[in-house]
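> This note's numbering numbers the first residue of the sequence shown as 3 and each following residue consecutively.
Take the hints with a grain of salt, since some may be wrong.
Quick list of in silico lysine-lysine cross-link-like pairs, DSS-like style, CA-CA up to 30 Å [claimed, not checked]: (1) Lys238 x Lys60; (2) Lys179 x Lys60; (3) Lys48 x Lys238.
Please keep in mind that the hints were generated in silico from the structure rather than gathered at the bench.
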Amino acid sequence: MKPPILIIITSTIILGTMIVLFSSHWLMIWIGFEMNMLAIIPILMKKFNPRAMEASTKYFLTQATASMLLMLGIIINLLHSGHWTISMIPNPIASTVITIALAMKLGLSPFHFWVPEVTQGVSLSSGMVLLTWQKIAPLSVLYQISPSINPNLLVAMAATSVLVGGWGGLNQTQLRKILAYSSIAHMGWMAAIMVYNPTLMILNLTIYIMMTLGTFMLFMYNLSTTTLSLSHTWNKLPLIASLILALMLSLGGLPPLSGFIPKWMIIQELTKNDMIVMPMFMAITALLNLYFYMRLAYATALTMFPSANNTKMKWQFESMKKMIFLPPLIVASTMLLPLTPMLSIMD
Numbered sequence: 003m004k005p006p007i008l009i010i011i012t013s014t015i016i017l018g019t020m021i022v023l024f025s026s027h028w029l030m031i032w033i034g035f036e037m038n039m040l041a042i043i044p045i046l047m048k049k050f051n052p053r054a055m056e057a058s059t060k061y062f063l064t065q066a067t068a069s070m071l072l073m074l075g076i077i078i079n080l081l082h083s084g085h086w087t088i089s090m091i092p093n094p095i096a097s098t099v100i101t102i103a104l105a106m107k108l109g110l111s112p113f114h115f116w117v118p119e120v121t122q123g124v125s126l127s128s129g130m131v132l133l134t135w136q137k138i139a140p141l142s143v144l145y146q147i148s149p150s151i152n153p154n155l156l157v158a159m160a161a162t163s164v165l166v167g168g169w170g171g172l173n174q175t176q177l178r179k180i181l182a183y184s185s186i187a188h189m190g191w192m193a194a195i196m197v198y199n200p201t202l203m204i205l206n207l208t209i210y211i212m213m214t215l216g217t218f219m220l221f222m223y224n225l226s227t228t229t230l231s232l233s234h235t236w237n238k239l240p241l242i243a244s245l246i247l248a249l250m251l252s253l254g255g256l257p258p259l260s261g262f263i264p265k266w267m268i269i270q271e272l273t274k275n276d277m278i279v280m281p282m283f284m285a286i287t288a289l290l291n292l293y294f295y296m297r298l299a300y301a302t303a304l305t306m307f308p309s310a311n312n313t314k315m316k317w318q319f320e321s322m323k324k325m326i327f328l329p330p331l332i333v334a335s336t337m338l339l340p341l342t343p344m345l346s347i348m349d
């Protein structure tokens, strides 16, 4: 893709999300979603092949359906309240339809089927945008309407998302699919806390974006898309292999790493709201995620490639990619736990 075209498309994606973030008018929010959706498709098809074409079509159809449902919810709300402003949604049907539309955009279960397929079909850089930037706009709208969301609906979707995100990743060897299932599970954690403490959702989103960006950047640096190609890292780039180990465990939410902060605080907040079964269920299903991250970490950093002479792999060219943001992202993704008291005060 030529640089001027890439700049125009990227700025449209950013502008679409910004319009959603800063609007208080439902129509503007809908327009922002549409701009964002139509501009992301060329990014998904950057490496043009049948897989990318299929992934982009799946993404377009899902997002278009979600946009249609969102507009339906907005119109029902308009007929009942008489205004376009985002405020309390008095009508339960409008609230439910809007919540379902945003859940489809996010890839919450039971509308999660497109996420692994689309992520697997596109390149690593496009997958990175899909699983980080594209989550910001729908979550910001859910944040704004959180007082009028039906808690039972959202908690049910959250529980199934955490379960699907854990079970789905167990058999996978494709790294992009593993990160897609991890994304579904993280969205489930965010949805669970949305009604009770929306600020915690923003904290979780921030830490999730940092961890996912760091992981994708390491995979891009390595040009790894499967567990097998990742297992060659130890011979060639031992430091990168150990960083992938740390990031994987952080994504799984293992304490003393940053990924534990949102899980800890969400479990604490849910128990404060007299929910015992839900946080216990979520903590147990988080172990499934931790299992497949451990498996990846084991394949990457804890097994040696079967070769007596470690220099045999040196024929691979050195990666010339410049990853400027990687060091701060890795530090933020692994070492934020001591800041938890400050973060809990902010909540």
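> Give a verdict on every hint.
Now the hints, each set against the structure:
1. This hinted pair does not check out: Lys238 and Lys60 have alpha carbons roughly 37 Å apart, beyond 30 Å.
2. Restraint check: the Cα-Cα separation between Lys179 and Lys60 comes to about 15 Å, which is no more than 30 Å; the hinted pair holds.
3. Note on Lys48 and Lys238: the hinted pairing holds, with a Cα-Cα distance of about 29 Å set against a maximum of 30 Å.
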